[in-house]
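Engineer: Single-letter residue listing:
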Amino acid sequence: NAGVTQTPKFRILKIGQSMTLQCTQDMNHNYMYWYRQDPGMGLKLIYYSVGAGITDKGEVPNGYNVSRSTTEDFPLRLELAAPSQTSVYFCASSYSRQGSSYEQYFGPGTRLTVT
Amino acid sequence: DQQVKQNSPSLSVQEGRISILNCDYTNSMFDYFLWYKKYPAEGPTFLISISSIKDKNEDGRFTVFLNKSAKHLSLHIVPSQPGDSAVYFCAARSGGYQKVTFGTGTKLQVIP
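Protein chains in written order, with the working numbering: chain A, 19 to 133; chain B, 112 to 223.
Keep in mind that the hints were calculated from the coordinates and are not lab data. A hint or two may mislead.
As the list claims (entries may be wrong) - Below, simulated DMTMM-like cross-link-like pairs (lysine to aspartate or glutamate); rule was C-alpha separation at most 25 Å, straight line: (1) B:K116 - B:E153; (2) B:K210 - B:E169; (3) B:K165 - B:E153; (4) A:K75 - A:D91; (5) B:K167 - A:D56; (6) B:K148 - B:E169; (7) A:K62 - B:D135; (8) A:K62 - A:D91; (9) B:K210 - A:D44; (10) B:K167 - B:D195; (11) B:K116 - A:D56; (12) B:K148 - A:D56; (13) B:K210 - A:D74; (14) B:K116 - A:E77; (15) A:K62 - B:D142; (16) B:K218 - A:D44; (17) A:K27 - B:E153; (18) B:K210 - B:E126; (19) B:K218 - B:E126; (20) B:K182 - A:D74; (21) B:K148 - A:D44; (22) A:K62 - B:E126; (23) A:K75 - B:D142; (24) B:K165 - B:D135; (25) B:K148 - A:E77; (26) B:K182 - A:E77; (27) B:K210 - A:E77; (28) B:K210 - A:E90.
Predicted model, so just to flag it, every value in this text is computed and none were measured.
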């Protein structure tokens, strides 16, 4: 199993450009998440999904959009990139199961710089 | 309002000694607490967790203690090894939801 994969690993965007961060998991997890981590800060939840076709906002959703058409994929769309979106983005997945510890499995991250 | 706090940004410990990482929380609805470990340029990886109905959970060199009355948990690593050098995040989950709230992390350096 590859686990959670993210592409690209690095990206530099100009202000106003748009892009999609890709995330795929092969563990058949129903829950998926997008986080951002700014320097010296914890992970902030952007959006999450409880299953295909169902998404909801997290703590910091402004400037982002998501979709979940399949169990495996959960892309994050940035429209009109701004310098405040410079961050490291992590995708994660988890499985909702009675008695589990609810741990999330993370991808390696995408380092995005907006200039 | 930061519901999960890790007040020590960094910690240095000699190899072989005990490392104690602390975490405080404010939301009494949290029912599960987790610790994640993160190496540079990698995603966080799950380390250990504890349910709010327990006060201790052990896994090898790692033990997590929960004090609900003080809204405090700690991660003990004994003995500490240089490979334990990483950033450790405390996280907490609210009942009925898969969303977790993360602390800001503590950078542990284990000195050989």
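Engineer: Give a verdict on every hint.
Structural biologist: Here is what the structure says about each hint:
The straight-line distance between the Cα atoms of K116 of chain B and E153 of chain B is roughly 22 Å, inside the 25 Å bound, and the hint therefore holds. The suggested pairing of K210 of chain B with E169 of chain B holds, with an alpha-carbon distance near 24 Å, which does not exceed 25 Å. For the hint linking K165 of chain B to E153 of chain B, the alpha-carbon distance of about 31 Å lies beyond 25 Å, and the restraint is violated. With a CA separation close to 17 Å, the supplied pair K75 of chain A and D91 of chain A stays within the 25 Å bound.
Restraint check for K167 of chain B and D56 of chain A: not satisfied, since their Cα atoms lie roughly 31 Å apart, outside the 25 Å limit. Of the pairs offered as hints, the one joining K148 of chain B and E169 of chain B holds, with about 16 Å between alpha carbons and a cut-off of 25 Å not exceeded. Restraint check for K62 of chain A and D135 of chain B: the C-alpha separation of about 18 Å stays at or below 25 Å, so the hint holds. Simply put, K62 of chain A and D91 of chain A have alpha-carbon atoms about 20 Å apart, close enough for the 25 Å limit, and the pair holds.
Restraint check for K210 of chain B and D44 of chain A: the C-alpha separation of about 20 Å stays at or below 25 Å, so the hint holds. In summary, the hint linking K167 of chain B to D195 of chain B is supported, as the alpha carbons are separated by about 21 Å, within the 25 Å threshold. Restraint check for K116 of chain B and D56 of chain A: the C-alpha separation of about 16 Å stays at or below 25 Å, so the hint holds. Restraint check: the Cα-Cα separation between K148 of chain B and D56 of chain A comes to about 17 Å, which is no more than 25 Å; the hinted pair holds.
Of the pairs offered as hints, the one joining K210 of chain B and D74 of chain A holds, with about 11 Å between alpha carbons and a cut-off of 25 Å not exceeded. Pair hint K116 of chain B plus E77 of chain A holds up; C-alpha atoms about 16 Å apart against a cutoff of 25 Å. For a cut-off of 25 Å, the pair hint linking K62 of chain A to D142 of chain B stands: about 19 Å separates their Cα positions. Taking the CA atoms of K218 of chain B and D44 of chain A, the gap is about 31 Å. The hint is violated against a cut of 25 Å.
The suggested pairing of K27 of chain A with E153 of chain B holds, with an alpha-carbon distance near 11 Å, which does not exceed 25 Å. Among the hinted pairs, K210 of chain B with E126 of chain B is inconsistent with the structure: their alpha-carbon atoms are about 35 Å apart, more than 25 Å. Pair hint K218 of chain B plus E126 of chain B holds up; C-alpha atoms about 15 Å apart against a cutoff of 25 Å. A distance of roughly 29 Å separates the Cα atoms of K182 of chain B and D74 of chain A; the hinted pair therefore is violated under the 25 Å criterion.
Restraint check for K148 of chain B and D44 of chain A: satisfied, since their Cα atoms lie roughly 22 Å apart, inside the 25 Å limit. For the proposed pair K62 of chain A and E126 of chain B, the alpha carbon gap of about 32 Å is over 25 Å, so the pair is violated. Taking the CA atoms of K75 of chain A and D142 of chain B, the gap is near 21 Å; set against the 25 Å cutoff, the hint holds. A threshold of 25 Å between alpha carbons decides the hint, and for K165 of chain B with D135 of chain B the separation of about 16 Å falls inside it, so the pair holds.
Of the pairs offered as hints, the one joining K148 of chain B and E77 of chain A holds, with about 22 Å between alpha carbons and a cut-off of 25 Å not exceeded. Distance restraint check for K182 of chain B and E77 of chain A: the Cα-Cα separation of roughly 22 Å lies within the 25 Å cut-off, and the hinted pair is therefore satisfied. Restraint check: the Cα-Cα separation between K210 of chain B and E77 of chain A comes to about 10 Å, which is no more than 25 Å; the hinted pair holds. Of the supplied pair hints, the one linking K210 of chain B and E90 of chain A holds, its CA atoms being roughly 19 Å apart against a limit of 25 Å.
Going down the numbered hints, you'll see the structure goes against 3, 5, 16, 18, 20 and 22, while the others check out.
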